[in-house]
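Numbers in the working numbering are just positions in the sequence shown, counted from 1, shifted up by 110.
What you were told as hints is all true, and nothing was included just to trick you.
Computed beta-carbon distance windows for the label pairs:
id	residue 1	residue 2	range
1	Asp151	Thr235	58 to 68 Å
2	Thr319	Gln347	39 to 49 Å
3	Thr235	Met315	21 to 31 Å
4	Ala169	Thr280	47 to 57 Å
5	Asn146	Thr197	55 to 65 Å
6	Gln162	Met315	26 to 36 Å
7	Asp336	Asp138	11 to 21 Å
8	Thr305	Asn146	45 to 55 Å
9	Ser358	Ser326	49 to 59 Å
10	Asn137	Ser326	37 to 47 Å
11	His225	Ser326	45 to 55 Å
12	Ser232	Ala170	30 to 40 Å
Subject to a maximum C-alpha distance of 30 Å in a straight line, what follows is the list of computed DSS-like cross-link-like pairs (lysine-lysine):
id	residue 1	residue 2
13	Lys148	Lys340
14	Lys205	Lys218
15	Lys340	Lys147
Just so you know, the hints here were simulated from the structure itself, not pulled from any lab data.
The C-beta atom is built at its ideal place from N, Cα and C for all residues, glycine as well.
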Amino acid sequence: MNPLTAGTSNAGSGILQSLGSNQNSINDIQTQLSTNKKILDPAQQGVVTRLQSQVTSFAAAHDNIAKAQNVLNVASTGLQSISSLLTQMQDLANKANDATMTSTDAAKLNQTFQHLLAQVQSTATNSKVDSVGLLVNTATQLAIQTGLTTADITNISTVSSDTTTLGISTLSVTNATSAAGAITALASALQTISTSQSSIAADQMALQTVDDQDASISQNLQNTIDTIQKPDAAALQMQLQNANNQQSMNYYLISQMNQEASTVLTIFR
111 MNPLTAGTSN
121 AGSGILQSLG
131 SNQNSINDIQ
141 TQLSTNKKIL
151 DPAQQGVVTR
161 LQSQVTSFAA
171 AHDNIAKAQN
181 VLNVASTGLQ
191 SISSLLTQMQ
201 DLANKANDAT
211 MTSTDAAKLN
221 QTFQHLLAQV
231 QSTATNSKVD
241 SVGLLVNTAT
251 QLAIQTGLTT
261 ADITNISTVS
271 SDTTTLGIST
281 LSVTNATSAA
291 GAITALASAL
301 QTISTSQSSI
311 AADQMALQTV
321 DDQDASISQN
331 LQNTIDTIQK
341 PDAAALQMQL
351 QNANNQQSMN
361 YYLISQMNQE
371 ASTVLTIFR
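Please take these sequences and the hints and turn them into a complete structure.
Put into structure tokens, the structure is as follows:
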């Protein structure tokens with residue numbers, strides 16, 4: 111092989127390698143700029159993966175809390191409705207607690223009373239979200255995962271408010287005697303409902319506190335992830351400019367070498 115052409119071939123091969131390597135660098139830089147995420151080394155990627163897993167777990171915990179809050183909100187609304195119904199029943203019982211009332215009038219009052227009693231039971235039964243409720247005596251305590259692991263549990267207690275639990279399922283106001291008994295039972299039932307409302311409110315506040323804490327921790331984790339992943343845009347722009355300049359030089363050198371090779375071939379023809 112002619113020494114001149116051999117040297118030219120070796121130099122050209124080196125420039126082509128530089129051209130390919132430099133283009134890869136340009137592609138990497140452009141990707142980082144377009145995605146606003148730098149290319150991480152294995153150690154950095156490991157940290158990001160671990161932190162992202164925790165962020166995902168906190169997001170799942172937030173969803174759990176939101177669902178539990180929905181159940182509590184429905185229970186709270188149900189308790190308010192039951193309280194209103196019991197108050198109306200109490201008013202009827204007070205009216206029926208009259209020895210001078212005729213049996214016909216008492217029967218009419220009792221008919222309305224029984225209708226309200228049925229509404230209490232219906233409200234307790236139907237105050238639920240996706241078949242999950244807290245107001246019937248068959249309800250069970252809810253265990254809500256509110257943190258990263260299954261050990262991070264917040265328990266939501268039931269507040270049974272059906273007519274049997276309240277002790278009012280057999281009440282009537284057909285006469286003054288039954289009305290007097292109803293007045294006492296309804297007063298106790300209203301006190302139970304008030305206690306249940308306080309319990310629901312406490313659970314709502316506890317869940318909100320945990321949710322706020324989770325959100326704060328999750329945001330700090332995400333900030334750390336963003337810090338690790340965020341590239342130095344100014345430095346990358348400078349690197350891109352240098353790489354583009356180098357690429358232009360590579361293309362120029364290849365062009366020059368092509369011309370030289372053409373000249374050599376002409377000489378040896």
